[in-house]
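These protein sequences, in sequence, are chains L and X.
Using the working numbering, read the first sequence as starting at 98 and increasing by one per residue.
Using the working numbering, read the second sequence as starting at 7 and increasing by one per residue.
Bear in mind the hints are in silico, worked out from the structure with no lab data behind them.
Each hint should be verified, as a subset may be incorrect.
Cβ-to-Cβ under 7 Å is the rule here; a few derived chain X residues that face chain L [stated by the list, open to error]: (1) N56; (2) S76; (3) E78; (4) G83; (5) S112.
Backbone N, C-alpha and C define an ideal beta-carbon position, used for all residues, glycine too.
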Amino acid sequence: MQKRTMTVTWVATLATILILPALGRAQMPGQQSTSAKNDASAPADPHDLSGMWEFFNGVAGQGIYATPSKDHPPMTPWAKAKYDEAKPGYGPKAQAGGNDPILKCYPTGIPRLLFFPQPFEIVQTPQRLFMFFERDHAWRQIWTDGRAHPAAFEPTWIGDSVGKWDGDTFVVDTIGLTEKSWLDFYGDPHSDDIHLVERFKRVDHDTLTLQLVVEDPKAYTATWVGDTKIYKLLKGKKAYMDELPCIPEEEDTFTNRIRMPAAGQTPKQ
Amino acid sequence: MKTSRLNFLIAVTAILAFGIPVWAHHGNAAYDDKNPITIKGTVTEFAWVNPHVQIYLDVKDDKGKVAHWSVETYSPGKLVRAGWSKDVVKPGDLVSIILIPARNGSPVGFLHKMVLPNGKELALQELDI
Numbered sequence: 098m099q100k101r102t103m104t105v106t107w108v109a110t111l112a113t114i115l116i117l118p119a120l121g122r123a124q125m126p127g128q129q130s131t132s133a134k135n136d137a138s139a140p141a142d143p144h145d146l147s148g149m150w151e152f153f154n155g156v157a158g159q160g161i162y163a164t165p166s167k168d169h170p171p172m173t174p175w176a177k178a179k180y181d182e183a184k185p186g187y188g189p190k191a192q193a194g195g196n197d198p199i200l201k202c203y204p205t206g207i208p209r210l211l212f213f214p215q216p217f218e219i220v221q222t223p224q225r226l227f228m229f230f231e232r233d234h235a236w237r238q239i240w241t242d243g244r245a246h247p248a249a250f251e252p253t254w255i256g257d258s259v260g261k262w263d264g265d266t267f268v269v270d271t272i273g274l275t276e277k278s279w280l281d282f283y284g285d286p287h288s289d290d291i292h293l294v295e296r297f298k299r300v301d302h303d304t305l306t307l308q309l310v311v312e313d314p315k316a317y318t319a320t321w322v323g324d325t326k327i328y329k330l331l332k333g334k335k336a337y338m339d340e341l342p343c344i345p346e347e348e349d350t351f352t353n354r355i356r357m358p359a360a361g362q363t364p365k366q
Numbered sequence: 007m008k009t010s011r012l013n014f015l016i017a018v019t020a021i022l023a024f025g026i027p028v029w030a031h032h033g034n035a036a037y038d039d040k041n042p043i044t045i046k047g048t049v050t051e052f053a054w055v056n057p058h059v060q061i062y063l064d065v066k067d068d069k070g071k072v073a074h075w076s077v078e079t080y081s082p083g084k085l086v087r088a089g090w091s092k093d094v095v096k097p098g099d100l101v102s103i104i105l106i107p108a109r110n111g112s113p114v115g116f117l118h119k120m121v122l123p124n125g126k127e128l129a130l131q132e133l134d135i
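Chain X extracted, bound-state conformation:
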């Protein structure tokens, strides 16, 4: 396994083990907040808007089938405090997103963390910036 991938998995495992409290924060019953997943795909749209910033991406499975994912997260104001900006991603970027998915199985989720093409990680907790 590549070192970078191992590091990523270790990071994810550490996050899951410590159970960052923000995962319990979004009380929206539509999402399965106990079972986060990771998806990896190409950004098709990054909507830096109120009330919630959204990322739309195409995720290809092993068989080459493409799922169109819709991912929401916090408002721009809160994200800027966590180190985001309206230019952090653009269509065409390959990203990984840890999210809690919709309970009904739709390709919709609430983002907890995103890994950018350059390896930089963006989360929701205010980082020490």
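Isolated chain L, as found in the complex:
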């Protein structure tokens, strides 16, 4: 009888010793233990999107980085005229000596900021989710306090964004994007009536997916559903945000020294 009691005591003690540390590490939303930070498969709070996220091509199923997707619905005549004027450096109409507004350091704008190889950082506060982009050192705010878009909103490069959770998917709704920006690297246009919906999901600790939907009847005859973009968490020494400013002289120098020679053109002196 005594032996069994001792055995039970030992088992209970051992079990308690093993369980206690796990209880001590009970996770608050938004917090990660050090070991979880380094374990890509470790569960993350799906409502915690914070971190530095980078588009990384070495991932199966990754969509194209430069545009919502390779194929898009037919353009309206209005959009086609704009597209015909565009001279992009990428995509089916790629050419040197182009007129991409970012060559002149116009703001990149939304959603194009999401299509850069440079990362963005997500920071969540009680009323807003912020995205800070390395490109342009630009940022956007997404209101999560339940408000609606303003009744009147002058179009800007970043637009007006509101977001809410649909299960584990963060759905961002954006309006008020100026038609001065190119939608993507390929010169695809959009109107300032565009209604952009982004669905973000943190599918595991190190992976954020995005699916973009473009509703812009003035520019496209049907809804444009983008492919799945995959962003990976930057960790350790790579987890920092640089500044990638656009300086007109640097862009011009680069155009003269690299872009134009690559296209067999003589730079202007």
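With chain L's structure known, arrange chain X on it following the hints.
Frame of chain L, contents of chain X only:
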């Protein structure tokens, strides 16, 4: 063949065989992204600037003729994550560069990998640093 050169060729062959996806990444139509080449030359300028870091080097062919190559790559911010710094090369250094060249035959290209004088390799994919 020297062991180091053999190792280099094996490495290059392995990279080509696995086709690192980043080669499809730079959608700039000016470059022939299906046919990377290797050049070896002396650095004349290393421009650690936005929007793209550039390396200029003189490449001598078998006949002693010098071609002035202009090579671009990512922004400094992205390169630092791949282990680069503004001091990785300087004028006078002898380097090998794997790049995708301009389709029109100009001595211009987009860098995928660089081998430094000390044999260290720098690429564009974030390495485990």
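- Holds or violated: is the Cβ of S76/X closer than 7 Å to a Cβ in chain L? Holds, because the Cβ-Cβ distance from S76/X to chain L comes to roughly 6 Å (cut-off 7 Å).
- Message: Less than 7 Å between beta-carbons is the criterion; does N56/X satisfy it with respect to chain L?
- Response: Check passed: Cβ of N56/X comes within 6 Å of chain L, closer than 7 Å.
- Query: Measuring from the C-beta of G83/X to each C-beta in chain L, is the shortest one below 7 Å?
  - Reply: 3 Å, holds
- Item | Hint check: 7 Å Cβ-Cβ cutoff, S112/X to chain L | 5 Å, holds
- Message: Less than 7 Å between beta-carbons is the criterion; does E78/X satisfy it with respect to chain L?
- Response: At 5 Å from the nearest chain L Cβ, E78/X passes the 7 Å test, so the hint holds.
In summary, this structure violates none of the numbered hints.
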